[in-house]
Each structure stands twice: as C-alpha cells, then as structure tokens.
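**Student:** Heads up: take any position in the sequence shown, counting from 1, add 6, and you land on this note's numbering.
You may find that some hints are simply not true.
The calculated lysine-lysine pairs, modelled on DSS-like cross-linking and capped at a C-alpha distance of 27 angstroms, are [to be verified]:
(1) K160 <-> K109
(2) K160 <-> K68
(3) K109 <-> K59
(4) K109 <-> K68
(5) K192 <-> K160
Pairwise CB distance ranges, derived in the manner of DEER restraints [as the list claims (entries may be wrong)]:
(6) M132 <-> Q174: 21 to 31 angstroms
(7) P87 <-> S185: 49 to 59 angstroms
(8) Q118 <-> L159: 29 to 39 angstroms
(9) E126 <-> V170: 24 to 34 angstroms
(10) E191 <-> Y86: 27 to 37 angstroms
(11) E101 <-> K68: 45 to 55 angstroms
(12) A186 <-> Y86: 45 to 55 angstroms
(13) D129 <-> A187: 31 to 41 angstroms
Treat the hints as calculated values from the structure; they're not laboratory data.
All C-beta atoms in this analysis are idealised placements derived from N, C-alpha and C, irrespective of residue type, glycine included.
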Amino acid sequence: MRHFHLNHHHCHTARGEHEDGLSGGRGHRGGRGGRVFGHGGLRFVLLQLIADKPAHGYELIKAIEDRLGGSYAPSPGVVYPTLTLLEEMGYLSVETADGSGRKRYSITASGQEFLTANREMADAMMSRMSGGVDGAGPRGGRPPQVTRAIENLKLAMRMRLSGVLTEQQAHDFAAVLDSAAQQIEKI
C-alpha cells in the first residue's frame with residue numbers, strides 16, 4: 007500500500023490565495039514543467055481582461071476557460087480573492103448596480119498605469135493562454151473532465167485542510183486519498 011503525504015501550507019499567501027494564482031499540474035505541457043501563469047500571473051490576466059471589457063467574476067473565469075480551449079477553468083476560490091486584492095490595491099473599481107448583487111469589475115486609472123508599466127509581463131501571461139494547457143486542443147491532452155475532477159479534489163482538500171484535523175480525521179483523510187490512488191492505478 008502506498009502512502010501519500012500532504013503538505014499544502016507552503017503555497018498559500020496570508021490571504022489564503024495561491025501565490026501564483028494558478029499552480030499545480032494543470033499548467034504542464036506534455037509533463038515537462040512550466041505553469042500556465044507564473045508568480046502573480048493571474049493578476050495580470052484579470053487586469054488585462056477587465057481592461058478589455060468590464061466583467062463579473064464568473065465572466066472572467068469563463069473567459070480564461072474559453073481561451074484555454076475548455077481544458078482549464080480557474081477556481082472561484084482563487085479568482086475572487088485575487089479580484090478583491092486588486093480592488094484593495096486600487097487597480098479595480100466595483101459596481102453592483104444591476105440589481106443582481108453581482109460585482110462588475112472595471113479597471114481604474116492606476117490599474118491601467120500598473121498594466122502599462124508591466125506590459126511585457128501582461129502580454130506574456132495573455133499569450134500563454136492562447137496555446138491551452140497540457141497539450142489540450144485538436145491533438146488531445148488531458149481530458150477536460152479529468153482536469154475538472156482534479157481541480158474539484160484540490161479545492162475540497164484545501165478547504166478541509168484549512169482547519170485542524172483530529173488524529174482520526176487525519177487517518178480517514180489519508181485513507182480516502184490512498185484508496186483513490188489505488189483505484190486510479192487500476193484504470
């Protein structure tokens with residue numbers, strides 16, 4: 007029986023978001039290194055998308071998913087804290103005037119200045135999205151339903167590990183993961 011050790015605390019900032027916005031295996035192409043976005047890259051992508059067209063958080067998630075050919079959609083648990091951070095930094099303004107209560111984000115003058123000052127990085131992040139991830143596209147790659155399931159598992163683990171586990175809960179948690187690993191190896 008194989009045992010897997012979970013050590014997740016190293017990749018979150020004090021705000022609870024991933025340091026790089028998007029991380030893990032989903033950014034790999036053909037199994038060889040490289041993430042979709044590097045450290046803080048999601049900030050540039052969100053700012054650029056909003057600069058192009060003010061949008062709601064859900065629309066931004068969908069826009070990134072569409073640009074990546076449906077092979078990946080960033081988690082709301084990563085996107086919304088990043089949008090809040092950008093708002094707190096003064097780079098985004100928020101409107102909730104449409105009656106739905108949903109926030110519509112627009113870029114501010116200082117957000118536009120930040121984007122202009124970091125044009126090379128913003129362009130690099132946007133161009134990374136044009137090729138998809140994991141070789142996704144006409145010639146295959148990781149199936150979208152598998153990527154979705156992986157992201158759901160990661161989110162569930164992050165949420166559950168954000169609190170304290172008892173000794174029994176830790177054993178149960180590890181047993182579920184070990185069982186899943188064994189079942190996947192049999193496929």
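**Student:** So, for every hint listed, does it hold in this structure?
**Tutor:** Hint check:
no.: 1; hint: K160 <-> K109; result: holds (26 angstroms)
no.: 2; hint: K160 <-> K68; result: holds (19 angstroms)
no.: 3; hint: K109 <-> K59; result: holds (14 angstroms)
no.: 4; hint: K109 <-> K68; result: holds (15 angstroms)
no.: 5; hint: K192 <-> K160; result: holds (21 angstroms)
no.: 6; hint: M132 <-> Q174: 21 to 31 angstroms; result: violated (47 angstroms)
no.: 7; hint: P87 <-> S185: 49 to 59 angstroms; result: violated (31 angstroms)
no.: 8; hint: Q118 <-> L159: 29 to 39 angstroms; result: holds (38 angstroms)
no.: 9; hint: E126 <-> V170: 24 to 34 angstroms; result: violated (43 angstroms)
no.: 10; hint: E191 <-> Y86: 27 to 37 angstroms; result: holds (35 angstroms)
no.: 11; hint: E101 <-> K68: 45 to 55 angstroms; result: violated (19 angstroms)
no.: 12; hint: A186 <-> Y86: 45 to 55 angstroms; result: violated (28 angstroms)
no.: 13; hint: D129 <-> A187: 31 to 41 angstroms; result: holds (40 angstroms)
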